[in-house]
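If you're matching them up, the sequences are chains A and B in order. The first sequence lines up with residues 2 to 120 when you count with the numbering used here. The second sequence lines up with residues 2 to 120 when you count with the numbering used here.
Some hints could be false.
You can't tell identical chains apart in this list, so a pair holds if it fits in one copy or across any two.
Below are the SDA-like pairs computed for lysine to any residue, each with C-alpha atoms no more than 20 Å apart in a straight line [to be verified]: (1) K9 to R75; (2) K9 to V20; (3) K9 to L55; (4) K9 to E68; (5) K9 to G33; (6) K9 to Q70; (7) K9 to Q62; (8) K9 to S35; (9) K9 to D48; (10) K9 to S67; (11) K9 to E49; (12) K9 to L19; (13) K9 to P54; (14) K9 to P106.
By construction, these hints were calculated from the structure, which means they are not laboratory data. This one's a predicted model, so the numbers in the text were calculated from it and none came from an experiment.
There are 2 protein chains.
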Amino acid sequence: MTTAQLDKMRLELRRGVLVLAVLGSLRQRHYGYSLRRHLQDAGIDIDEGTLYPLVRRLADQGLLESEWQQGEGRERRYYQLSELGAELLQQLTQEWSTLNNALLPLLQPEQAKPTEEQG
Amino acid sequence: MTTAQLDKMRLELRRGVLVLAVLGSLRQRHYGYSLRRHLQDAGIDIDEGTLYPLVRRLADQGLLESEWQQGEGRERRYYQLSELGAELLQQLTQEWSTLNNALLPLLQPEQAKPTEEQG
Numbered sequence: 002m003t004t005a006q007l008d009k010m011r012l013e014l015r016r017g018v019l020v021l022a023v024l025g026s027l028r029q030r031h032y033g034y035s036l037r038r039h040l041q042d043a044g045i046d047i048d049e050g051t052l053y054p055l056v057r058r059l060a061d062q063g064l065l066e067s068e069w070q071q072g073e074g075r076e077r078r079y080y081q082l083s084e085l086g087a088e089l090l091q092q093l094t095q096e097w098s099t100l101n102n103a104l105l106p107l108l109q110p111e112q113a114k115p116t117e118e119q120g
Numbered sequence: 002m003t004t005a006q007l008d009k010m011r012l013e014l015r016r017g018v019l020v021l022a023v024l025g026s027l028r029q030r031h032y033g034y035s036l037r038r039h040l041q042d043a044g045i046d047i048d049e050g051t052l053y054p055l056v057r058r059l060a061d062q063g064l065l066e067s068e069w070q071q072g073e074g075r076e077r078r079y080y081q082l083s084e085l086g087a088e089l090l091q092q093l094t095q096e097w098s099t100l101n102n103a104l105l106p107l108l109q110p111e112q113a114k115p116t117e118e119q120g
């Protein structure tokens, strides 16, 4: 297994989580940099080249509302969850929780089941 | 937002989880169908067209050991986690747990923080 393959798996694992993290964060209003800091504070490190296109994609899909506004001497584009985005967030959070609950027993260190199943 | 876009997000959310679920399950020996049932029993529904190529990919990457064996009158290919696969599973599980811990506060229904962050 190469480092590239390992990185790809890590990326796959992160990708869905990132969307959830961004939608969850944007229940509060943020501009790009403040969103990135908010995620970092939570422990999710994401570079600008990944975060900003993702945010624009979510806005293009109607999941975010955005507005330009003056802040500290420059125009900033502020984003916040739209009504549609809030609905999607709820659905994906539900799905996430279901997946996690299913996954946890499969990752337990010990399993009482036999090594091989019949079927 | 179209249904296709929604499905794509769901798929992204599932993709990383599926790899973890398969690796976790294959600490026990399984052939294709018994693995699929094992996942279904855990609540993870995955069709053959997704699962079997994934398993073959993981085997090609050296994460699984496989062997053909006679079972109930036909040859079946049995899979089990290799040493490398076990290492990767441990790493990804750790990463998963870190991501989840970071994500949870971002999905909490209420947040005490102000609507807008300075930065």
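(request) Quick one: which hint numbers does this structure break? Sort them smallest to largest. (result) 1, 4, 5, 6, 8, 10 and 14
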